[in-house]
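Last residue of the sequence shown: 394 (our numbering), numbering continuous.
You can take every hint at face value.
Straight-line distance between alpha carbons at most 25 Å, and here's what the computed DMTMM-like set of lysine to aspartate or glutamate pairs gives:
#, residue 1, residue 2
1, Lys116, Asp178
2, Lys112, Asp179
3, Lys351, Asp326
4, Lys208, Glu119
5, Lys205, Asp178
6, Lys351, Asp37
7, Lys265, Glu241
8, Lys125, Asp178
9, Lys8, Asp32
10, Lys351, Glu4
11, Lys205, Glu175
12, Lys315, Asp199
13, Lys351, Glu382
14, Lys125, Asp179
15, Lys200, Glu133
16, Lys351, Asp32
Hints in this document: simulated from the structure, not taken from any laboratory.
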Amino acid sequence: MTLEELDKQYVLQTYNRSYINFVRGEGSILFDDKGNDYVDFASGIAVNSVGHNNPTLVAALQDQVAKIIHISNLQVIEPQAKLAEQICTLANYDGAIFFANSGAEANEGAIKIARKYGETQFEKKRYKVITLEHSFHGRTITTVKATGQESFHTPNFSPYPAGFSYVDGLDAVYENIDDETVAVMIELVQGEGGVQPFDKAAIQKLAKHLQAQGILLIVDEVQTGIYRTGQMLASNVYEIEPDIITMAKGLGGGVPIGAVMTKHKNILAAGDHGSTFGGNYLSTRAGLAVLEVLSALDDSGQLTETLAYFTMQLKAIAKKYPHLFDEEVGLGLMRGLRAKDNETMRAILTKSMEQRLIVLPAGRNTVRFLPSLTIGISEIDEGFKRFEAALSTI
Numbered sequence: 001m002t003l004e005e006l007d008k009q010y011v012l013q014t015y016n017r018s019y020i021n022f023v024r025g026e027g028s029i030l031f032d033d034k035g036n037d038y039v040d041f042a043s044g045i046a047v048n049s050v051g052h053n054n055p056t057l058v059a060a061l062q063d064q065v066a067k068i069i070h071i072s073n074l075q076v077i078e079p080q081a082k083l084a085e086q087i088c089t090l091a092n093y094d095g096a097i098f099f100a101n102s103g104a105e106a107n108e109g110a111i112k113i114a115r116k117y118g119e120t121q122f123e124k125k126r127y128k129v130i131t132l133e134h135s136f137h138g139r140t141i142t143t144v145k146a147t148g149q150e151s152f153h154t155p156n157f158s159p160y161p162a163g164f165s166y167v168d169g170l171d172a173v174y175e176n177i178d179d180e181t182v183a184v185m186i187e188l189v190q191g192e193g194g195v196q197p198f199d200k201a202a203i204q205k206l207a208k209h210l211q212a213q214g215i216l217l218i219v220d221e222v223q224t225g226i227y228r229t230g231q232m233l234a235s236n237v238y239e240i241e242p243d244i245i246t247m248a249k250g251l252g253g254g255v256p257i258g259a260v261m262t263k264h265k266n267i268l269a270a271g272d273h274g275s276t277f278g279g280n281y282l283s284t285r286a287g288l289a290v291l292e293v294l295s296a297l298d299d300s301g302q303l304t305e306t307l308a309y310f311t312m313q314l315k316a317i318a319k320k321y322p323h324l325f326d327e328e329v330g331l332g333l334m335r336g337l338r339a340k341d342n343e344t345m346r347a348i349l350t351k352s353m354e355q356r357l358i359v360l361p362a363g364r365n366t367v368r369f370l371p372s373l374t375i376g377i378s379e380i381d382e383g384f385k386r387f388e389a390a391l392s393t394i
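Build out the structure end to end from the sequences listed, making use of the hints.
Below is the structure:
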């Protein structure tokens, strides 16, 4: 039985996947079982933040596996406490953290915090959460309902939890707040929704308004966080201090982890929330190693240089191929090229893979680029060389 046959017989077919079999990676290069090399401009959808086979991360994991992989959260976990401290310090945020296993779990935790806040901090219960059109917050029943894309709200999984609505843009948030609204949940750059950043001044205005009204601001940084947008958090870039921030993806460098951070440190009590695996020795040791690598990259100025170089290359592509792209979008190393239409976007993805370059689709006909933050200049150059070879055939 071939690998493809094995997968199709025994794995639920929830992904429209390729059957290229990758067997190892180095930096931003992947190798398949035939020895072919691929430039990875996707990093596992913003997960492999420090690249493949990063020596600092590998050494930390090898060391931890030989000691303790997991105990329950009924005992203190040293790297968990240290990682929480490091995240708060690097983000310059006076908060506390709950560790989960994914972005969806982190967002579920954020919603639970908001719901308890709405129950305990007001005379009349507040429970409604407003999100934005084109947003994406996860695949659980609750986070699917929070996602502002009607295509996700299929009857197949109904009924959905009550209390969620999404609006068309930041201006519409104000008019949709009522006396049952407890929180507004947003991404500062909508990743799945087309790599679309929001205007900084508009975000700051909304944050100030919500604070004055006593309404929580939840920022979903599952994709934007952990230096993806140039600083520890996109919230730092936008110079806001949300009530709740969620993280995942790049935090573990490939090891599953999620985190929900809040300034409301005492809102949850023992028994209000929990996780069997969340924040265990292995995942939090991975998080510490990732932050060691990326904070040093940031402090040295190399991250800023990489961001600028990658952006320059993308802008040049957009200018050179106006018949394929309308504009270049994004922030930091969360970038996109807005294709003329969906058919063009799909053709670019196919042709790129034929040239052994991995890029991603996103909403609004966007070709998405999420390279590892440790990517080198030579890897960037080779990737764009292959990208242009793909574009020349369309």
